[in-house]
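J.: Could you put the whole structure together from the sequences, leaning on the hints where they help?
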Amino acid sequence: MFFNSIVGLDTIPPGRKARVVRIEGGRGLIGRLARLGIVPGAEVEVISRAPVGGPVLIEVDGARVALGRGVARKVVVTPLA
Amino acid sequence: MLRIALVGQPNSGKSTLFNAIAGYRAVASNFPGTTVELLRGKALVGGKAAEVVDLPGTYSLRAGDPAEEVARDYLLSGEVDVVVDVVDASLLGRSLELTLELCELGLPMVVCLNMMDEARRKGIRIDPEKLEEILGVPVVETVAVRGLGLKDLLAAIPRARVPVPPRYSADVERHLDELSRRIADAITGGVPARYLAVLVLSGDPLPPGVELPVAEAEVERARREILRDRGEEPALVIASERHALALRIFEEVARVTHAERSLRDRVDSLLMHRILGYPILFLALLGLFFGVFKIGSILEGYLLPPLEAITGWVEGAIPGPIGLVLSGALQGLWAGIGIVLPYLLPFLFFLALLEDVGYLPRIGFLLDGLMHRLGLHGKSVIPFLLGYGCSVPAVLATRILEDERDRLVTGALAVMVPCAARTVVIFGLVGRYVGPWIAFSLYLLNIIVIGVAGRLLRRYLPGMGPGLIMEIPPYRLPAPRTVLLKVWLRLRGFITVAWPTLIAASAFFSLLEVLGWTGVLNTLLLPITWPLGLPAAVGVPLVFGILRKELSLIMLGQALGTVDFGTALSGAAMVVFTVFVIFYVPCLATVAALWRELGRRRTLLVVAGTVGVAMTVGLVVRFLSWLF
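Going down the list, the sequences are from chains A and B.
Take 1 as the starting number for the first sequence in our numbering and just add one per residue.
Take 1001 as the starting number for the second sequence in our numbering and just add one per residue.
None of these hints come from the bench; they were simulated from the model.
Everything numeric in this text was worked out from a predicted model, so none of it was measured.
Among the hints, a few may not be true.
[Said to hold, decoys possible] Computed footprint of chain A on chain B, listed as stretches where at least three residues anywhere in the stretch have a Cβ under 8 Å from a Cβ of chain A:
{"#": "1", "segment": "1235–1241"}
{"#": "2", "segment": "1365–1372"}
[Claimed, not checked] Using C-beta positions, here's what the derived DEER-type ranges look like:
{"#": "3", "chain 1": "B", "residue 1": "Arg1120", "chain 2": "A", "residue 2": "Gly15", "range": "22 to 30 Å"}
{"#": "4", "chain 1": "A", "residue 1": "Pro51", "chain 2": "B", "residue 2": "Leu1624", "range": "32 to 40 Å"}
{"#": "5", "chain 1": "A", "residue 1": "Pro14", "chain 2": "B", "residue 2": "Pro1480", "range": "44 to 52 Å"}
{"#": "6", "chain 1": "B", "residue 1": "Gly1287", "chain 2": "A", "residue 2": "Pro14", "range": "23 to 31 Å"}
{"#": "7", "chain 1": "B", "residue 1": "Ser1169", "chain 2": "A", "residue 2": "Gly15", "range": "30 to 38 Å"}
[What the hints assert, rightly or not] If we take Cβ atoms under 7 Å as the criterion, some of the chain A residues that face chain B in the derived model are:
{"#": "8", "residue": "Pro13"}
{"#": "9", "residue": "Gly15"}
{"#": "10", "residue": "Pro40"}
{"#": "11", "residue": "Gly41"}
{"#": "12", "residue": "Ala66"}
{"#": "13", "residue": "Val71"}
Just so it is clear, CB atoms sit at the ideal spot from N, CA and C, and this is done for glycine as well.
T.: Right under this line is the structure:
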């Protein structure tokens, strides 16, 4: 994975951190993610991924949040070293 | 009277705090979104009575979420004298975002750093004086579950002060200044002009009763300028800046040392394991059902025979119709002690444990993929699981879903989940007379039927909510007091409402029998009972079951003239009867809840749908029983 590359949060493997670049979604989705601290510039860590298209578990601001795979795909991030 | 509003993010311990200072009324759970409406209680503040209002948990005060709009509008209604911002200290960084939003409302405020023990465990050391200095309001530390710091909190309320509103970057501030200067001349209904400026700049709807205080063109110009300069929607710019500001304050007032990798983390990685998580979930649920059945049948074995003996004695002592009606009432009374409580009590206890430990959202995480096949997502699991306790909170819990279609589908399916009352029928009839494994397989059958119904609904109600976004709270050791309180609050519902209904209905049934009217009802229900191969006498119990599901079992005893169902019904008939009871018309209380949440038309559709499902599944089970 290239440093500085821009990918969906769903592709980040467990144990890696990433910084949110933007949310590809409507106002509703942006608002709901923002409530949990998932805003551009926020740092998130992927904790685990459920099998077969299940959700991604991330940590943001010290809280754990489950994001459905489809939602995670819309969170565009840049992987951190 | 002083009016105090408790505001905080979901799962920050607001309900626990409310219970601790204002008397027990709120049901606290370890998952977000438990409080769905305003709860009011009384507390003594500085020797004087004050009203305490528990608002629904809100991550923010932004528009777009019904609960958050309720909270915001209430805070701006002019009714609130003091805001107590309840903060989960272990999530201070994120929680400060809401705190900053509250700082803009211009209301006297106190910050309550709750769950300090959890913060310490996470290695977060907070300097409350520093936070007090930055926000300009009193900051109090508490551990509400253990009752620590509550006196300090109450003592701080009279010292509440209007906080310093957060400052954004220079260009945003310039626009806010300009807008709020214009607004100051207009009527704001007591809402600070600066906050209105933030709202109009973000494009959020204004609180009711407040009209746009500036020219629309002016707002548009400001919004366009920000969009041009920053390349982002103003709402997003403000949210991001607030987020950054919250983190900066967090870094200033808190020091994060070693976060101990605790036993809880290890347990969590096992329970949420991508493969092992599933068998563990299955075993946990299996254990729950067998635990309840075992405890229930032991208690029932001790309780029921002596009570039955009393009924027999009364019938012998007072002959004639009065004795019959009296023994009917007694049977309702005994049914409460002897049949319902033995299963209800352990069931509510285990469910409360699961809730407070925080396992429910994890089940939601594990089953998200599966729920997608029903056109739903993992958050719907929570109403489903609550449905095993009672359908009413299950229907209310559909509010945690953001999408209207999701709420409808989840509500319609969740009322088919066997609640504790139906569990009583399953265990008391099938479990006891046919066998525990058959009883357990009814739960599996129920899940399959709900799955099929979900697939069908998905065909007729296409589309899909935006997907799972759910906070997973940390595991918490359930506080015995909270668990027992929750069991008691739910049990009280049974004792004060359901039990009297049982007794009255049971006596009423005896009266009907004395008058010879049961035959009419039974004949009317023949189109249901006859195809299912059930004796006509079960018609009346099914009607009573609509009042309360337990009644169908209790009335069955009355209708058949014995509580030893084994002698009056075949095993197959008992299974078919139970299957019908599980699915047909949710009880009256649930119908009322559905009505409120979904409206009349959809409620009637759900009710009709459940009768159709009950009939279909009942017939299938009947024909299957011929094979064995």
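J.: State for each hint whether it applies.
T.: Taking the hints in turn, this is what the structure says about them:
no., hint, verdict
1, 1235–1241, "holds (count 4)"
2, 1365–1372, "holds (count 5)"
3, B/Arg1120 to A/Gly15: 22 to 30 Å, "holds, 26 Å"
4, A/Pro51 to B/Leu1624: 32 to 40 Å, "holds, 33 Å"
5, A/Pro14 to B/Pro1480: 44 to 52 Å, "violated, 36 Å"
6, B/Gly1287 to A/Pro14: 23 to 31 Å, "holds, 29 Å"
7, B/Ser1169 to A/Gly15: 30 to 38 Å, "holds, 34 Å"
8, Pro13, "violated, 13 Å"
9, Gly15, "violated, 12 Å"
10, Pro40, "holds, 6 Å"
11, Gly41, "holds, 6 Å"
12, Ala66, "holds, 5 Å"
13, Val71, "holds, 4 Å"
The structure fails hints 5, 8 and 9 (numbered hints given earlier, in ascending order).
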